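Protein chains in written order, with this note's numbering: chain C, 128 to 409; chain L, 128 to 409; chain S, 128 to 409; chain H, 128 to 409.
None of the hints are false.
Cβ-to-Cβ under 8 Å is the rule here; a few derived chain C residues that face chain L:
1) 237
2) 239
3) 242
4) 246
5) 282
6) 294
Just so you know, these hints were derived from the structure itself, not from any lab. Quantities reported herein were computed from a predicted structural model and do not represent experimental measurements. Glycine included, every Cβ here is placed at the ideal spot set by N, Cα and C.
Protein chains: 4
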Amino acid sequence: MIKGLSRAGLGHVGDLDNFIKLASEHGFGSVDAGGEELAGFIAKHGLDNAQAYLQHHQVIIGSTYLSPQWRTTEEEFRSGLIQLAKDAQAAAALGCTACCTYVLPATDHNAAHFMALATRRLRTCAQILGAYGIRLGLEFVGPHHLRTAWAHPFIWDLPSTLDWIDTIGENNVGLLFDAYHWYTNEHSIEDILNLNPSQIVHVHINDAMDVEVSKVLDNARLYPGEGVIDLGGFLRALKQIGYQGIIAQEILTQQPPSESTELLFKRSQAAYNKVYHAAGLE
Amino acid sequence: MIKGLSRAGLGHVGDLDNFIKLASEHGFGSVDAGGEELAGFIAKHGLDNAQAYLQHHQVIIGSTYLSPQWRTTEEEFRSGLIQLAKDAQAAAALGCTACCTYVLPATDHNAAHFMALATRRLRTCAQILGAYGIRLGLEFVGPHHLRTAWAHPFIWDLPSTLDWIDTIGENNVGLLFDAYHWYTNEHSIEDILNLNPSQIVHVHINDAMDVEVSKVLDNARLYPGEGVIDLGGFLRALKQIGYQGIIAQEILTQQPPSESTELLFKRSQAAYNKVYHAAGLE
Amino acid sequence: MIKGLSRAGLGHVGDLDNFIKLASEHGFGSVDAGGEELAGFIAKHGLDNAQAYLQHHQVIIGSTYLSPQWRTTEEEFRSGLIQLAKDAQAAAALGCTACCTYVLPATDHNAAHFMALATRRLRTCAQILGAYGIRLGLEFVGPHHLRTAWAHPFIWDLPSTLDWIDTIGENNVGLLFDAYHWYTNEHSIEDILNLNPSQIVHVHINDAMDVEVSKVLDNARLYPGEGVIDLGGFLRALKQIGYQGIIAQEILTQQPPSESTELLFKRSQAAYNKVYHAAGLE
Amino acid sequence: MIKGLSRAGLGHVGDLDNFIKLASEHGFGSVDAGGEELAGFIAKHGLDNAQAYLQHHQVIIGSTYLSPQWRTTEEEFRSGLIQLAKDAQAAAALGCTACCTYVLPATDHNAAHFMALATRRLRTCAQILGAYGIRLGLEFVGPHHLRTAWAHPFIWDLPSTLDWIDTIGENNVGLLFDAYHWYTNEHSIEDILNLNPSQIVHVHINDAMDVEVSKVLDNARLYPGEGVIDLGGFLRALKQIGYQGIIAQEILTQQPPSESTELLFKRSQAAYNKVYHAAGLE
Chain C
128 MIKGLSRAGL GHVGDLDNFI KLASEHGFGS VDAGGEELAG FIAKHGLDNA
178 QAYLQHHQVI IGSTYLSPQW RTTEEEFRSG LIQLAKDAQA AAALGCTACC
228 TYVLPATDHN AAHFMALATR RLRTCAQILG AYGIRLGLEF VGPHHLRTAW
278 AHPFIWDLPS TLDWIDTIGE NNVGLLFDAY HWYTNEHSIE DILNLNPSQI
328 VHVHINDAMD VEVSKVLDNA RLYPGEGVID LGGFLRALKQ IGYQGIIAQE
378 ILTQQPPSES TELLFKRSQA AYNKVYHAAG LE
Chain L
128 MIKGLSRAGL GHVGDLDNFI KLASEHGFGS VDAGGEELAG FIAKHGLDNA
178 QAYLQHHQVI IGSTYLSPQW RTTEEEFRSG LIQLAKDAQA AAALGCTACC
228 TYVLPATDHN AAHFMALATR RLRTCAQILG AYGIRLGLEF VGPHHLRTAW
278 AHPFIWDLPS TLDWIDTIGE NNVGLLFDAY HWYTNEHSIE DILNLNPSQI
328 VHVHINDAMD VEVSKVLDNA RLYPGEGVID LGGFLRALKQ IGYQGIIAQE
378 ILTQQPPSES TELLFKRSQA AYNKVYHAAG LE
Chain S
128 MIKGLSRAGL GHVGDLDNFI KLASEHGFGS VDAGGEELAG FIAKHGLDNA
178 QAYLQHHQVI IGSTYLSPQW RTTEEEFRSG LIQLAKDAQA AAALGCTACC
228 TYVLPATDHN AAHFMALATR RLRTCAQILG AYGIRLGLEF VGPHHLRTAW
278 AHPFIWDLPS TLDWIDTIGE NNVGLLFDAY HWYTNEHSIE DILNLNPSQI
328 VHVHINDAMD VEVSKVLDNA RLYPGEGVID LGGFLRALKQ IGYQGIIAQE
378 ILTQQPPSES TELLFKRSQA AYNKVYHAAG LE
Chain H
128 MIKGLSRAGL GHVGDLDNFI KLASEHGFGS VDAGGEELAG FIAKHGLDNA
178 QAYLQHHQVI IGSTYLSPQW RTTEEEFRSG LIQLAKDAQA AAALGCTACC
228 TYVLPATDHN AAHFMALATR RLRTCAQILG AYGIRLGLEF VGPHHLRTAW
278 AHPFIWDLPS TLDWIDTIGE NNVGLLFDAY HWYTNEHSIE DILNLNPSQI
328 VHVHINDAMD VEVSKVLDNA RLYPGEGVID LGGFLRALKQ IGYQGIIAQE
378 ILTQQPPSES TELLFKRSQA AYNKVYHAAG LE
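From just these sequences and the hints, can you work out the full model?
Written out as structure tokens, the structure reads:
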């Protein structure tokens, strides 16, 4: 399982060139980046050099972000489809095979109607991504406070999300599986062992403060191994089912971290060493 | 547009033979019936005689009812699929091309999750029906009191239902369009004129009492022309968009009607004459 | 049914502004145009003025052309998807709701494998178009000489194309129904009467020389009414089933027409008057 | 990877009870059986006892056979759907999660049209099976002589079949991957390593005579390890990609085997020991 990074929790990382370089220097094998950023990276270097730069640093693009706005109106949604095709083209050119989005656990829309619309929109996105060999990962979001942050409950746990993925009905849709949401849903190791690795598009890790599970805040995340989530068990179970993809760090916090980027990379590196060790992975 | 009947509002109609005979004698050209009833009708007469009986009475089978339980568990749902294939086979053998179900406007399930499950289940039903050349009609249910009869709002109006039909994504899914639900949603003639006739699988008519729209009860329906719904306008608009299918009566009441079946057929016949005349149809 | 034009058969029509103006002056209500042309038209005038120009001339955009190359490699296909989204955006902005492509009746690929690939590619196109409210029309191509112009037979008639549309399985896919291909397949008026108007996305007319049907060449088309196709019957049947869309002229010839564009518009106008009259339409 | 058996190559095995018992006694962990046979087994024992019998013998039902006739007419196809639902119900009750069919490499139908029809029909089958948690496995058929046994080429290799599976577009469709067809297509170990285990529903092994690959006959199969196929490499590659399912023997021969069933089970047991050993699996 490849150690990966998103920008969240690393301070001012700079451009993608620098992000890739720093990731490589600190033992990471993938970085996540937006589609426009990937296109800019290609435009700046030329495709061959861009690919060579990744190759040289032994870093791959782990996942890109789903850019169309699928949560509001048809007009907004459709206005993002040209960009989606551009994102997919750039991502595919750099060998990236995942594109992810998160699912808020509540909505101000009628929840049933919104589910119907979202299903159709994400199916369209999956079709476009699929033409470029890219999978779509859906991230359920577990923290309890968000379940009542909007008028109507939506979905927030693993079984509902798996059902939804089935309903979308495209072969290239799966989970963005985040340890924080696994933890806040009080899902078990057994739940992971029941997954097929082909159901997982991307994985996030991070850690939670030692408070009651129902009080865990979405943007109060800790570095892996600094909190109470059983990340050793989480990673071991993923390994056991045969998952061979990326484990990307995503640390969402209320305030930007105060340490230097250099220290934050070192801290992340140490964090990964700790939890991979706890999982018996190295 | 073919004048049709369901059993609702006609008292003790007896078996399908009798229902067809009475419908024919009172100027109706279609009857709705359940799949098991259709299979029984074929078993009793033999297929050729069953077809000849319909032909002789100039009556077609308007629609059958979706028998699998798609509103509860996967187990219940799947346990109904063999029967669905049998229903479809019987219906198709008798030339019936529609199968309908209604959608309650609220649910005790998480509404978003239930929408995902229902979408998948109804898609499966549509696929099975489609193999037999049968379309699936979904009936949105408008009365306001039902919108809060269960814990969470589901969908109850025309635009949401059309979106859902799109999401289900099978070519053979459309509306069961009921005048009562059109009225209780305060939809307009314009809303009908914006429909394409291919979006309509089946039509129900009946009439509403002269009370505030938000107080109209689902099971307090009147015979066409005896209440306040603009059924003339409703039918005229359907005719105008080119709908050539069935207009079936469905009178849901709290108490069974006290009149004789003979009188109820006559009353229905007169009711249809009145509203078809109001619509300029005859 | 709206009288429409494609550029084929009209000589040097000039830019879209001029095409619209000439169409309007000669009694036509729609023109077909490519997606890039539509985008250029919007860029030149601004969207509001572009819409007003169409409105002023009482002309709509009948159909646009499917630009992605779906007949060769995955790479070529996917490289066209950004343009498809741009085409769809431009077309939708101008109120165009149809995008069409033709299906060659033979292929040098393995026909079964190509059918699988083409189904998937056209489904992706339909999804993208569908997000913009645009339908995809597939034109079967009847002339016999083309059926053996490549190594393996593909499909060329109405029933096969309807089956294929079902298989693609998106709600917004239908026929581009061309009188020439109806004729060269020796399809009947009855075949038209069996269609539902919702199955037809766009219609082409043109006429055929008085030679054996199996000898009719694809690029030897005549103006409507100048040949042997029963266009009166063809149009009457379309009217009868309730088709209310566009009837666009498409005259493919080996040599460009020698007459002036002005004369070709007049000739087309007279041709339409003749066949609409024969159909009892005016 | 579970050692499994089909009846092909074992002589007169008797009823399912006996087949399960003999499989168990000779070191096999799964048997394949038809849907009606499974239903009969349940009817005979009652579901609880049927499950207990399997449990007692440590044998599972590996795969069942797709019973609807999807290669001929719509009428034949649809007439098999009730049975398919019954098959699926029986198979699911016994814990079987696979249902397989083979794809002939040529057809007397127009190959493109047949591909369209077959795609639609198999999608319907996949939907029905999916409702019961069962996957559909498609077996490409490699022997060269069959590619010209009917008028038009269809598909016979791995890449085409994977494309087709994508086109069918249901999540629960994958490969029945047979070593004989891998061999006769001259596919490589690398081709297996490029598969994701989730793409494989079921695996067949058997061996081929030492003749030119293009001369290998479909019904001249040998027991594993008695011929020239690199079954060690085949199994090792499947293991390497993480396949954990069934490896079922299927020996198709022109004449029924002359040995006793007892000897044929022993021969199969020895054959599996040999090739599993060659693969480094035990």
